[in-house]
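Chains as they are written, first to last, in the working numbering: chain A, 1 to 514; chain B, 1001 to 1247.
Hint data in this document are derived by calculation from the structure and do not stem from the laboratory.
Values in this document were obtained by computation on a predicted structure and should not be read as measured data.
Built from N, CA and C at the ideal position, the CB exists for glycine as well.
It is possible that some hints are incorrect.
So these bits of chain B aren't anywhere near chain A, every CB distance computed over 12 angstroms [to be verified]:
#1 ASP1040
#2 SER1082
#3 TYR1106
#4 THR1211
Quick partial rundown of chain A residues pointing at chain B, CB under 10 angstroms, derived from the structure [stated by the list, open to error]:
#5 PRO64
#6 ASP72
#7 ALA76
#8 VAL82
#9 ALA86
#10 SER89
#11 THR91
#12 GLY98
#13 SER338
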Amino acid sequence: MSDWTETYRPTTLSEVRGNNKARDKLKEWAETWDDHRDAVIVHGSPGVGKTSAAHALANDLGWPVMELNASDSRGADVIERVAGEAAKSGTLTGGESGRRLVILDEADNFHGNADYGGSREVTRVVKSANQPMVLVANEFYDMSQSLRSACETIEFRDVSKRSIVPVLRDICRREDIEFEDEALQKIAEDTSGDLRSAVNDLQAVAEEAERLTVDDVVTGDRDTTEGIFDFLDTLIKEEDAEGALKASYDVDENPDEMLNWIEDNVPKDYQGAELADAYEFLANADRWLGRVRSTQNYSFWRYASDNMTAGVAASRREPKGGWTRYGPPSYWRKLGSSKGTRKTRDAIAERIAEREGTSVGTARREIMPFLSAMTHHCKNRELTVRMAATYDLDEKEVSFVTGSGKSTNKVQSIVEDAEELITEQTVEHSGSAFFNASDSETDPEAETDAKADSPAGDEASQAASDGQGQGQETLVSAGEDGNSSSSDEPADEPAETGAPDETDDDQSGLNDFF
Amino acid sequence: MFKAIVSAETLTSALDSISVLVDECKIHLEEDGLEIRAVDPANVGMVDLSLDAAAFESYEADGGLIGVDLSRLEDIAGMAESGQLIQFELDEETRKLHIQIDGLEYTLALIDPDSIRQEPDIPELDLPAEVVLEGKDVNRSVTAADMVSDHIALGVDDGDESFYVDAEGDTDDVHLELTEADLIDLQAGPAHSLFSLDYLKDMNKAIPSNTEVTLHLGEEFPVKIYFGFAEGQGQVTYMLAPRIQSD
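Same shape as in the complex, but just chain A:
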């Protein structure tokens, strides 16, 4: 048996039900297209007849149709080649004056790598189109501002129960199905504005029953997806462990996303010990997700789900109530906004790791914090210069480690001095080879330079020139001397706690240049 939503798809605009206003607007848009030459965005909930209306329109006007929908791959190149060409060319029958309707379905949904650059290309095609284009979308605001402002807009509203029932009745008559009017009412009610679902439901129920009664409709109840916000309410405030788990089955999010949602919103209602318990379970869930990732065994998802839903619900100790403003997870947004910072951090860590013979992870976790503390706000200028020279850091990176502004004179002069230092050392190293001397000449110069530039680093530079073995002491004294009260703590801490083992790593690096 064929799909009724296809069999009874409207072939002309006058058969499109509900949304009479939008329908007339669409028709008017098409008829006046030669004057305004704008594309149109048709948006509204799923199943209200947007795509059907577009096809019916083309059929009414006798225009050939070019359609791209989400089942095609829609990368920038495909859109340019297919939609772009269709929008710029005349038709095979009418030549240049022939009109073709270009329908871009699900224009708000460009997914992943397959559709890379798609949405931007759509905007370009729309702006240069010589043929009428209809963009069909569910979420108007998921499309870019530039695309929205380049198009006219027509909204399709949910189809009212009053309009759905006659459609169902008409189909029943044509399919020769006996029915109770209330059964149709019930179907229309259950599908809340989604005409396509209503037709699907009708077909599902009718396949089983000779005569359609209200009771049949109840048995043919359809699965509905529960919104994530409602689910959070259920999970955090209402259900017990079992109930929360069952409720999660109806939510259309994968466990990774769901974890982010829960983790971000649980602290808005849970407090103290119960919150700690909830996070314990969330941590478990996260560990299971990690196992899924490393083993690719997706059956582990069930343990992740158990933990994040049942676990969190079971941790609740106080009854919750009222209304809470839940929000979308900030995880991806944070990742996005910290992308630049993380890139800088990793670039520095890579260089440190190479220099010190550690892993990048160790450099990042165990060396960089100490460097950061020791060179806080470039207080210990001389040390900062040496660090910049050792790891070949530029302004941005020095500012990242020290926390000073990137464009400040302080940071810029440090980088300049570091470059000088590198040049000197190169000369020094090669010096003995080529000139057989000059150690004694370069050293004092460097010392006086450093002194003149930074009184704070005085002692350090002296100590540095004093002896190599005392590098450790130098750093500590420099930290103590040079730091104002605010930076005291971070500077001291590494010297005290980290010095015996961890700081050894970076010391060896700095020592090379003492």
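Using the hints provided, position chain B relative to the given structure of chain A.
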């Protein structure tokens, strides 16, 4: 029922001329030969191909319809060395096509023809100008235009009795004129239309350089490109919708 033996060259040229526009197509297995009609996803280019039974070494069919993945079939045809023969036999039960090249046997799963884009109706067009030229001149025109632009104007000068090709780039222009002496035949009429070079380039790939090509042209109308292959026992007609000249 479908059983045929064909030379690798003939099959390859037939497939190549279709695959420039579509990835999948329907093949009509008529009693007197193969028929393929297809239109590209953008609805801009169309191809109509027929390959007479005489082009085959042997041919038996009774009007079936199959759907094929063209790149698959091209790959298989590519396995044959030049001069080798390719045998086809359709298994109606399993809807699979058995292909044999000497000792090599390949069973190709067919595509449900209903899932392939509908075949176009061939539009009746009254195109006033007709130009007959050699394949290599088409190639030269397209290659020259491709240096400067992504579109090309084809036209016939009514007074001078010549066929011309214009391409305007951002900075450089190309103009190529072929007079009656350069052409095999010319029926002058008012004709000037703009076309996408991407399509013409692809179609050009399928045109053998030593063949006679007939162009039908009009004012801001589609172009019809006709040529034969397999010693005249195969015919290809391309149609290409014009670009709209933006103001």
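Would you pick out the hints that fail for this structure and give their numbers low to high? 1, 7, 13
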